[in-house]
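A.B. asks: Sequence:
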Amino acid sequence: MHQYVDDTEYAVRGLIDLITTEERQLTQLQSHYEGLSSKEKDLKQWLLDAPLNDDVVPLQEQAMAITWHKTREELADLQKQIMALQSSIDAKSVSIDALCVAILQIAKQGISTVHSNLSKCPDGRIIGTGTDAEKLKNVIWQARNQSVHYEEGNFSSAVTTCFAKLEASCGSQFSLALNSGKNLAHDVIQELGWKDYSKYESDIQSLFC
Numbered sequence: 001m002h003q004y005v006d007d008t009e010y011a012v013r014g015l016i017d018l019i020t021t022e023e024r025q026l027t028q029l030q031s032h033y034e035g036l037s038s039k040e041k042d043l044k045q046w047l048l049d050a051p052l053n054d055d056v057v058p059l060q061e062q063a064m065a066i067t068w069h070k071t072r073e074e075l076a077d078l079q080k081q082i083m084a085l086q087s088s089i090d091a092k093s094v095s096i097d098a099l100c101v102a103i104l105q106i107a108k109q110g111i112s113t114v115h116s117n118l119s120k121c122p123d124g125r126i127i128g129t130g131t132d133a134e135k136l137k138n139v140i141w142q143a144r145n146q147s148v149h150y151e152e153g154n155f156s157s158a159v160t161t162c163f164a165k166l167e168a169s170c171g172s173q174f175s176l177a178l179n180s181g182k183n184l185a186h187d188v189i190q191e192l193g194w195k196d197y198s199k200y201e202s203d204i205q206s207l208f209c
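Mapping the sequence shown onto our numbering, position 100 (from 1) lands on 100, and the numbers just tick up by one.
Quick caveat, the hints were computed from the structure, so don't treat them as lab data. Note that CB positions come from ideal geometry on N, CA and C, so glycine has one too. Some clues are possibly wrong.
Stated by the list, open to error - Straight-line alpha carbon distances no greater than 27 angstroms define the calculated DSS-like cross-link-like pairs of lysine-lysine that follow:
id, residue 1, residue 2
1, Lys-182, Lys-92
2, Lys-39, Lys-120
3, Lys-120, Lys-108
4, Lys-199, Lys-120
5, Lys-108, Lys-195
6, Lys-108, Lys-70
7, Lys-195, Lys-80
Stated by the list, open to error - What follows is a list of derived Cβ distance ranges for each label pair:
id, residue 1, residue 2, range
8, Leu-47, Ala-133, 19 to 29 angstroms
9, Gln-190, Gln-109, 15 to 25 angstroms
10, Glu-152, Lys-44, 27 to 37 angstroms
11, Glu-22, Ser-175, 20 to 30 angstroms
12, Gln-30, Ser-202, 19 to 29 angstroms
13, Thr-129, Asp-42, 15 to 25 angstroms
Can you make the complete structure from the sequences, with help from the hints?
C.D. replies: Given below as structure tokens:
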């Protein structure tokens with residue numbers, strides 16, 4: 001493990017945890033909601049079919065009706081939790097963006113510290129597909145620059161070229177035209193898959209070989 005990775009591990013781990021804690025909770029709640037919603041539909045269908053089924057006794061139907069009502073109540077409660085958590089995440093969006101910028105800055109600074117400049121750095125893995133695929137090192141470098149200068153909107157050709165490729169290969173969330181005045185650091189962090197430290201560590205270590 002390169003010393004720079006060791007030296008910055010504490011900071012990056014903390015940043016990733018702050019960024020992803022509520023996002024992970026939201027994903028878990030949404031997954032639970034989807035599973036429970038499927039169960040509720042099955043229960044509802046069973047109750048609709050019950051009067052036509054001679055094998056169903058009244059006590060069974062009553063028990064299933066109680067279960068169905070409880071499931072609906074649980075779904076309503078989950079929906080409230082999801083909405084509250086989503087509101088909390090939305091309210092922190094500017095702070096989350098700032099935390100993502102910090103991760104990109106640490107990664108970019110590592111390239112500068114170890115290799116002096118971008119051209120001497122190994123490419124790292126490929127981001128995107130086809131002719132518009134980009135090198136990891138360039139995504140980190142240019143994304144950091146975009147996140148620092150997004151308010152000005154006056155980007156270098158290297159930044160605009162990189163994000164044009166990301167837009168073509170990965171989606172419109174990377175369009176500088178459609179997202180004028182927006183910090184895209186969070187979108188980049190998500191695209192890189194840096195939702196846990198091990199992924200970040202593997203990527204950065206590959207640039208320091």
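A.B. asks: Now look at each hint and say whether the structure bears it out.
C.D. replies: Taking the hints in turn, this is what the structure says about them:
1. Lys-182 to Lys-92: Cα-Cα ~15 angstroms, so holds.
2. Lys-39 to Lys-120: Not satisfied, since the Cα-Cα distance of roughly 56 angstroms exceeds 27 angstroms.
3. Lys-120 to Lys-108: holds, 13 angstroms
4. Lys-199 to Lys-120: holds, 23 angstroms
5. Lys-108 to Lys-195: holds, 18 angstroms
6. Lys-108 to Lys-70: violated, 52 angstroms
7. Lys-195 to Lys-80: holds, 25 angstroms
8. Leu-47 to Ala-133: 19 to 29 angstroms: violated, 52 angstroms
9. Gln-190 to Gln-109: 15 to 25 angstroms: Roughly 21 angstroms apart at Cβ, these two residues keep to the hinted range, so it holds.
10. Glu-152 to Lys-44: 27 to 37 angstroms: violated, 55 angstroms
11. Glu-22 to Ser-175: 20 to 30 angstroms: Given about 26 angstroms between the Cβ atoms, the range holds.
12. Gln-30 to Ser-202: 19 to 29 angstroms: holds, 27 angstroms
13. Thr-129 to Asp-42: 15 to 25 angstroms: Given range 15 to 25 angstroms: violated, Cβ gap about 39 angstroms.
Hint check: violations occur at hints 2, 6, 8, 10, 13; the rest are consistent with the structure.
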